[in-house]
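J.: Those sequence lines, one after another, are chains Y and V.
The first sequence begins at 1 in this note's numbering and counts up by one.
The second sequence begins at 1 in this note's numbering and counts up by one.
Derived by calculation from the structure, the hints in this document are not laboratory data.
Treat the hints with care, since some could be wrong.
[To be verified] Per the computed footprint, the stretches of chain Y lying under chain V, defined by three or more beta-carbons under 8 Å from a beta-carbon of chain V, are: (1) 9 to 23; (2) 57 to 70; (3) 73 to 86.
[As the list claims (entries may be wrong)] Incomplete in silico selection of chain V near chain Y, CB under 10 Å: (4) D25; (5) G35; (6) Q36.
Even for Gly, the Cβ is constructed at its ideal location relative to N, Cα and C.
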Amino acid sequence: MGKPLTQPAAYHINKMLQSIPHDPQVAMGLLTDREAVFDRFGLSETERAAFRADDPDAIRALGIHPHLLMPWSMLTNEHVRTFLMVDPAHKARLPGGGN
Amino acid sequence: MGRIVGGFATSHVLFSRAGHEAQADAVFEGMTRIGQEIEALAPDLVVIVSNDHMINFNTLLQAPFVVGIGMSHTPFGDLGIPADYAIPGHSEFAQGLVDHANAHDFDLGVIREVRPDHGVAIPSLFASPRGKRPVVPLYTNVDMRPVTPARRAYRLGEVLADYVKNVRPAGERVVVLGAGGLSHWIGVPRQGDVNEAFDRWLLDRFEAGDVGALTGLTIDEIEAESGNGGVELVNWLVMYGALHGARARTIYYEPMTAWWTGMGGIAVDVPAGA
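For reference, chain Y alone in the conformation it holds in the complex (with noise of 0.2 Å):
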């Protein structure tokens, strides 16, 4: 833990990916209307440009915190979101009956 892991500058990012899973409008924004959201987030178009290409590397290269790229992931990747789920065949033989 040498270096930082998140730059002070980029916080109104992290403030935006941190709140995907608390704001159905933020979460549903990123899928429908990705620009009204970095507009309320104050993106700069750089910023803008890492998540339109929906490259990790520039992402990171932002600033962001690294554990903040998993809830953009998960939003927008499909195959990320059913694959980080506990498996059904696991829910149903859990102690108690799961759910």
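Using the hints provided, position chain V relative to the given structure of chain Y.
T.: This is chain V only, laid out in the frame that chain Y set:
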């Protein structure tokens, strides 16, 4: 005088089985076995030492240690974890721990309403099925600098043990479970890698009761070998301090490259007469 009757540690994710069913089932069996061992110990409550993943604590606010002092904890529901029930908390135990730690050089934050993400919710599925017994979450910070050193994590576990032994009522039975790890890299170019050799070395050190080797690791060394996710090892070390570094049994290990993480679990028995 309460008693810590057992310690456990486990990785805290479960993902899709598709394409690697045997490995995934071995992990699930391992977690199930940990749940069965906890059940056999008949604890009154389980302290789960884990970390959040940008749900309750994010770049807005991080604290070195935070105890969930609420009457109950409803899972956040990430990873499809059932969130239709609340896990009971134990406010009196939790607040007492904060007070005791304060008198022993640890200032712990508190959270009254936490919505546990998988860090606490996955181990709870096995340690407290459908909220069967109270869970006290003890959150560490592994996301923001600085991360608590390994030695201090272990020392906090010793303070927890002292609290149970000297403050808690006679007959109270407590299990401590550390959750997280093993090697994984999140949101960085090395994501997807697993350092099986380091994971197995760690499990071997726990089996040997080698407190010196484990607490001698720096956070930089842990991160270099096992990734920014592998730093969750500090959760295991809080548990290990509470069990005074007794020898562990490895319950399961799978280098789950398909899940981008080494998955492992251990049990630490309380030595006879302790």
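J.: Can the hint on G35 of chain V be confirmed by a CB-to-CB distance to chain Y that is less than 10 Å?
T.: Check passed: Cβ of G35 of chain V comes within 5 Å of chain Y, closer than 10 Å.
J.: Three residues or more, CB to CB closer than 8 Å: is that satisfied between the region 73 to 86 of chain Y and chain V?
T.: holds (count 5)
J.: Would the hint on D25 of chain V be counted as holding, given a Cβ-Cβ threshold of 10 Å to chain Y?
T.: holds (8 Å)
J.: A closest beta-carbon separation below 10 Å is what the hint needs, so does Q36 of chain V meet it against chain Y?
T.: holds (8 Å)
J.: Do three or more residues of the region 57 to 70 of chain Y come closer than 8 Å to chain V, measuring C-beta to C-beta?
T.: Since 8 is at least three, the answer is holds.
J.: Within the region 9 to 23 of chain Y, is the number of residues with a Cβ closer than 8 Å to a Cβ of chain V three or more?
T.: holds (count 6)
Violated hints: none; the structure is consistent with every hint.
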